[in-house]
Amino acid sequence: MLLETVDLGVRFGGVWALHDFDLQVEAGEVRGFIGPNGSGKTTLFNAITGRHAPSSGQVLFKGRDIRKCDPGERARLGITLKFQITSVFAGLSVLDNILLGLMGPRPVLGELRRSARASADMERAEELLSSIGLWEKREDVAGTLAHGEKGWLEIGVALATEPTLLLLDEPASGMGADETARTVELVRKIRVGRTILIIEHDMEFVRSVADSITVLFRGGLLTHGDYDTIKSDERVIDAYLGRGRAHGSPGS
Amino acid sequence: MTTTQLILLQVLNTGVTMGILMLVAIGLGIIYGLMDVINLAHGEFLMLGAYGWVIARLAGLDGWTGLIVAPLVVGLVGFVIERSLVRHLYRRPLDSLLATWGISLILVQAARIVFGPAPQPVPTPLEGAVELFGMPYGRYRLFVLAVSIVIISITLAVFRYRTFGLKTRAVFQDAEMAKCLGIRAPRIYSAAFVIGAALAGLAGALVAPMLTVAPDMGANFLVQSFLVVIVGGAGSLAGVVGGAGVIGGIQGLISYFSSSVLAQVITLTLAIIVVRVRPRGIFTRK
Amino acid sequence: MTVIHRVFGGRAGAGAQVLAASIVLALLSVASGGIGRLDQAAVWLVLGLFAMSLDLMWGYGGLLSFGQAAFFGLGAYAYTWLTTDKLGMNLHELGTVVGLLAGIALPALVALLLGYFLFYGKVVGAFFAIVTMAVSFLLQSLGMGWSRVFGGSMGISGIPSVSLAFMGIPGSTKGVLAGYVFVTVMAAGAAVVMRTMLSTSFGLAVDGVRDNEDRLVLLGFKTIHTKLVVFSVASGVAGLAGALYASHASFVSADLMGTLLSTEAVVWVAVGGRRSLIGAFVGALVVRAVGFWLSDVAVDFWLILLGSLFIAMVLFGSGGLVGLARSVWERGVRLVARDS
Chain A
1 MLLETVDLGV RFGGVWALHD FDLQVEAGEV RGFIGPNGSG KTTLFNAITG RHAPSSGQVL
61 FKGRDIRKCD PGERARLGIT LKFQITSVFA GLSVLDNILL GLMGPRPVLG ELRRSARASA
121 DMERAEELLS SIGLWEKRED VAGTLAHGEK GWLEIGVALA TEPTLLLLDE PASGMGADET
181 ARTVELVRKI RVGRTILIIE HDMEFVRSVA DSITVLFRGG LLTHGDYDTI KSDERVIDAY
241 LGRGRAHGSP GS
Chain B
1001 MTTTQLILLQ VLNTGVTMGI LMLVAIGLGI IYGLMDVINL AHGEFLMLGA YGWVIARLAG
1061 LDGWTGLIVA PLVVGLVGFV IERSLVRHLY RRPLDSLLAT WGISLILVQA ARIVFGPAPQ
1121 PVPTPLEGAV ELFGMPYGRY RLFVLAVSIV IISITLAVFR YRTFGLKTRA VFQDAEMAKC
1181 LGIRAPRIYS AAFVIGAALA GLAGALVAPM LTVAPDMGAN FLVQSFLVVI VGGAGSLAGV
1241 VGGAGVIGGI QGLISYFSSS VLAQVITLTL AIIVVRVRPR GIFTRK
Chain C
2001 MTVIHRVFGG RAGAGAQVLA ASIVLALLSV ASGGIGRLDQ AAVWLVLGLF AMSLDLMWGY
2061 GGLLSFGQAA FFGLGAYAYT WLTTDKLGMN LHELGTVVGL LAGIALPALV ALLLGYFLFY
2121 GKVVGAFFAI VTMAVSFLLQ SLGMGWSRVF GGSMGISGIP SVSLAFMGIP GSTKGVLAGY
2181 VFVTVMAAGA AVVMRTMLST SFGLAVDGVR DNEDRLVLLG FKTIHTKLVV FSVASGVAGL
2241 AGALYASHAS FVSADLMGTL LSTEAVVWVA VGGRRSLIGA FVGALVVRAV GFWLSDVAVD
2301 FWLILLGSLF IAMVLFGSGG LVGLARSVWE RGVRLVARDS
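Residue numbers (my numbering), protein chains in the order written: chain A, 1 to 252; chain B, 1001 to 1286; chain C, 2001 to 2340.
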């Protein structure tokens, strides 16, 4: 088991944005997370990456409880997030963005002995930039990239930290059909040797990349299964169409 | 003098220090909290207020007029600065810091040119002492204590209970939302800036007879107000008042044993250590 | 073009640029006021070095220090304490060299300690500026009052200049020309060190901290360490400048740690253009030279002009002298291109 949450709960004031959440993710899995707005998907991601401290329960990564670790420590352990709203180093070049990602988990003082364009880093950067299709634009300032390219760059930066567990929060949001298709291709390419969690509203996208899908509703787990099972599940349809309270109690 | 009397004397003196500090720091805190503007010319508002006595005397006015003139004149100066410069700098703390430092340099130098560089004494409008708990205490100091308590209470009450205060707090919380409710934020900003300036001017007029008046007297009060905001946080008036209480109290206590500069150095050191433990100030709930 | 690139580009280029600026200043000074004016000009070079240290903090690291003179002054005092009888630690000739090193080490350590509290306390942006300003202001006040250590309002005079005699290098840096050359060499050396640091992969991390620190943290980067190194190195360089000042002027006072010098340096960097070491260096020379000239004409208006510069740089914010030169150059190139 690579990642496990046990009775995980996150409370904002009096509202439980996430409650009694049990999740198990095996190494090598690509898992999709869906659910209506406010169902707790992003809260779950934030609890896993350490941006929110859980109010109850545990987050276990490789069997180790990481509740006490801040986001930086979790990144060094191998958990990296690509934000929903793209957040690149807008003033720096595309290449520098990737090089910073490579440096992420390394000790800071060691960098003083390394040239900014150290050959090992450059090789890895070229590899990454080619895989996200931005090698030609490596000297461009990241802030000037198109929306889709920024999204890919951010995935590239996240990959540069060599994550074991990669979380993608709406990787295709705001993208056109072409860009979405390329993103699907990209995710399929990078899943080799990695575990990936994806939040996405686009069901077609989720179907194309995810092995299985977890559905959240009102901060709890509604159901879990492959695409066809989920698609025909009454409770899921109810949840999305808002036909009253779902039947299953969270965690069932 | 008995020990009790000594302690009482110390408490009263500390109260005077705290009162002045609150009057200065409230303006700095409100302006920062409301519009993310750090006003480095705030100390000069105090300095100009202190020169209110000198201006009043030069104008042939007598007695208490300095105390009335100061906040009015300084409020007006604040208004001009807000409308001409500061309004371009909302939500740009670093730029506001640089620009208001420029204002500060200009005001100090202007004061030097107009009033001369040398410190000037200001005669106390209230001579003599009153008998308090069997010991003499300066009447003017007592007066300053009373005035600052009254003015701070009024300020807090206005911000707490009047619609102006309600609107201000709305803008404080969420400027965008307040705009949607039809609150004209720029008016609130201007008003807050002018009130802050006037309070600092009043503080200057109040301290002048207890110190000497000099063009560069503002810096010291500015730095002390920073300490207040660092310790108390700039998120609320209560934080500022609480911070002023702590800083004034510590300084009163330490300066009883040694110099006031050392007291400030120790306070800054404490504030820096506090910041490590409570990044948002000790009076702000996280 | 290629020759120019080879000399002034790269790591050593930063030193060559400083060297060139110093030579130009020397020629202008001697031409306008004879060899004696080099004495004044060397002080400006020291301030130029100081400006580069602030540029490292502010231009590159994105950390606006409004109290950089605290470290300049501490460096000056560290040198003074080891070369005079003030604290009973006079090391005489040896002290002039140890003093230079102490002038670097003491401010660097103080910055490390201060930075530890501030950076872990999440003090950034404007709050960092006001805390550093408070440190500078209170050190100045402390220095004014504590005359046994800092010389009080009288300052400390009679400080010897750096002497290299005991190392077998003849002469001291006392002479007008020797002093000027010595300061130039030190400034150029410091520029090379800073440029080298910025050209490593650490320098890229510094860029990242300035651009988007939160993102860098989420990548697993310990940005606090980056900021500590930048703060510490910049303070060490500021301290070196301070020690050189003490050696050259043979006089120190509490003002050297104060807010006026701290904030004037901000103007130098802004005028010269942030994120350009040579820009900051030249910015200090130019502003000081203008001030020197103005002090003959209208001494009262110097601070008013300085204040106006602060306002101007915010309202018309720009790349400073370097930015101006660059845009003039580009416009020129465009004009030439259009004509041909």
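Accuracy of the hints is not assured; some may be wrong.
[Unchecked claim] Not close to chain A: a few residues of chain C, all C-beta gaps over 10 Å, as computed:
id, residue
1, Val2043
2, Leu2204
3, Ala2205
4, Leu2216
5, Leu2219
6, Gly2220
7, Val2229
[What the hints assert, rightly or not] Here are the simulated DSS-like pairs of lysine-lysine, each with C-alpha atoms no more than 27 Å apart in a straight line:
id, chain 1, residue 1, chain 2, residue 2
8, A, Lys189, A, Lys137
9, A, Lys62, C, Lys2222
10, A, Lys189, A, Lys231
11, C, Lys2222, C, Lys2086
12, A, Lys68, C, Lys2122
13, C, Lys2086, A, Lys68
14, B, Lys1179, B, Lys1167
Calculated from the structure, these hints are not laboratory results.
Ideal Cβ positions, reconstructed from N, Cα and C, are used throughout, including at glycine.
Structure-based check of all given hints:
1. Val2043: holds (32 Å)
2. Leu2204: Given that some Cβ of chain A is not farther than 10 Å from that of Leu2204 of chain C, nearest at about 5 Å, it is violated.
3. Ala2205: Ala2205 of chain C is in fact no farther than 10 Å from some Cβ atom of chain A, at 6 Å.
4. Leu2216: violated (7 Å)
5. Leu2219: violated (4 Å)
6. Gly2220: Its Cβ does come within 10 Å of chain A, the nearest being 3 Å, so this is violated.
7. Val2229: Since the minimum Cβ distance to chain A is about 7 Å, Val2229 of chain C lies within 10 Å and the statement is violated.
8. A:Lys189 / A:Lys137: holds (20 Å)
9. A:Lys62 / C:Lys2222: holds (23 Å)
10. A:Lys189 / A:Lys231: holds (26 Å)
11. C:Lys2222 / C:Lys2086: violated (42 Å)
12. A:Lys68 / C:Lys2122: holds (19 Å)
13. C:Lys2086 / A:Lys68: violated (51 Å)
14. B:Lys1179 / B:Lys1167: holds (10 Å)
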